[in-house]
Amino acid sequence: MRNDVRERRTAKGLAQGELARELDVSRQTINSIETGRYTPSLPLAFAIARFFGVAIEEIFHED
Amino acid sequence: MKTEAKTPRQYWATSVLGLVIGIVYQVGFALGGRPLDGAIALSIMVAFSVVIALAGRRSETVRGLLDRRDERITGIDLKATAIAALAMCVAVLIGFVVEVAQGHTGSPYVIIGVVGGLSYSAAVVYFRIRT
Numbered sequence: 013m014r015n016d017v018r019e020r021r022t023a024k025g026l027a028q029g030e031l032a033r034e035l036d037v038s039r040q041t042i043n044s045i046e047t048g049r050y051t052p053s054l055p056l057a058f059a060i061a062r063f064f065g066v067a068i069e070e071i072f073h074e075d
Numbered sequence: 249m250k251t252e253a254k255t256p257r258q259y260w261a262t263s264v265l266g267l268v269i270g271i272v273y274q275v276g277f278a279l280g281g282r283p284l285d286g287a288i289a290l291s292i293m294v295a296f297s298v299v300i301a302l303a304g305r306r307s308e309t310v311r312g313l314l315d316r317r318d319e320r321i322t323g324i325d326l327k328a329t330a331i332a333a334l335a336m337c338v339a340v341l342i343g344f345v346v347e348v349a350q351g352h353t354g355s356p357y358v359i360i361g362v363v364g365g366l367s368y369s370a371a372v373v374y375f376r377i378r379t
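Here the protein sequences come in this chain order: A and B.
What the first sequence shows, in my numbering, is residues 13 to 75, in sequence order.
What the second sequence shows, in my numbering, is residues 249 to 379, in sequence order.
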């Protein structure tokens, strides 16, 4: 599953660690999500979408 | 955008548990008349507790394993636990066969196997009902 987390994070000028703290996860997890190695759970995907102020499907895309 | 750290969690729970287990070891050895071995066991558990406490401050992974806030690390922990359980099952089965082949009853491997099997079955039923 592709996602735009990295693009949206960098657009906000946030480091991975800062986004991780906002979402209460580790920096490694943010990196894994951005590189597509880890697909977040629905609650975490909602939290990510809510943080960026968009709908889930605007960030996460089916391959 | 400014970010703030979330409330710090208690990283010391595993370390304290390690110390408690070490004390239980020491009491057990002392009751068996081997206080020196008990002291060694306690020392090992104290060292484990210190290492865990220090690693939790430096390693994001260890911290995640300790506070269980990160879903990805929790998932890694679950998978690692399943692999470790599988390895233990193999060890118990081999131990049981060796014991039986030597003309023994298969103890304590039988008991360990029964506990593991019943625990797994109970967990499946529990989670089947809960989820």
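Don't read these hints as lab results, they were simulated from the structure.
Just so you know, not all the hints are guaranteed correct.
Here are a few chain B residues that face chain A, going by a calculated C-beta distance under 10 Å [claimed, not checked]: (1) 280; (2) 282; (3) 320; (4) 321.
Sample of chain A residues lacking proximity to chain B, with all beta carbon distances greater than 12 Å (derived) [said to hold, decoys possible]: (5) 14; (6) 29; (7) 42; (8) 69.
The beta carbon of each residue, even a glycine, is placed where N, CA and C say it ideally should be.
Hint check results:
About 43 Å separates the beta-carbon of residue 280 of chain B from the nearest beta-carbon of chain A, more than 10 Å, and the hint is not met. At about 43 Å, the closest approach between the beta carbon of residue 282 of chain B and any beta carbon in chain A exceeds 10 Å, and the interface hint on this residue is violated. For residue 320 of chain B, the suggested interface contact is upheld, since its CB lies about 4 Å from the closest CB of chain A, less than 10 Å. The beta carbon of residue 321 of chain B is positioned within 10 Å of a beta carbon in chain A (closest approach about 6 Å), and the interface hint is therefore held.
With a cut of 12 Å on Cβ distances, residue 14 of chain A stays outside the contact zone with chain B, its closest approach being about 18 Å. With a least CB separation of 8 Å from chain B, residue 29 of chain A falls inside the 12 Å interface cut-off, contrary to its annotation. Listed as outside the interface, residue 42 of chain A is inconsistent with that label: its C-beta sits roughly 10 Å from the nearest C-beta of chain B, within the 12 Å cut-off. Every beta carbon of chain B lies more than 12 Å from that of residue 69 of chain A, the smallest distance being close to 20 Å; the non-interface claim holds.
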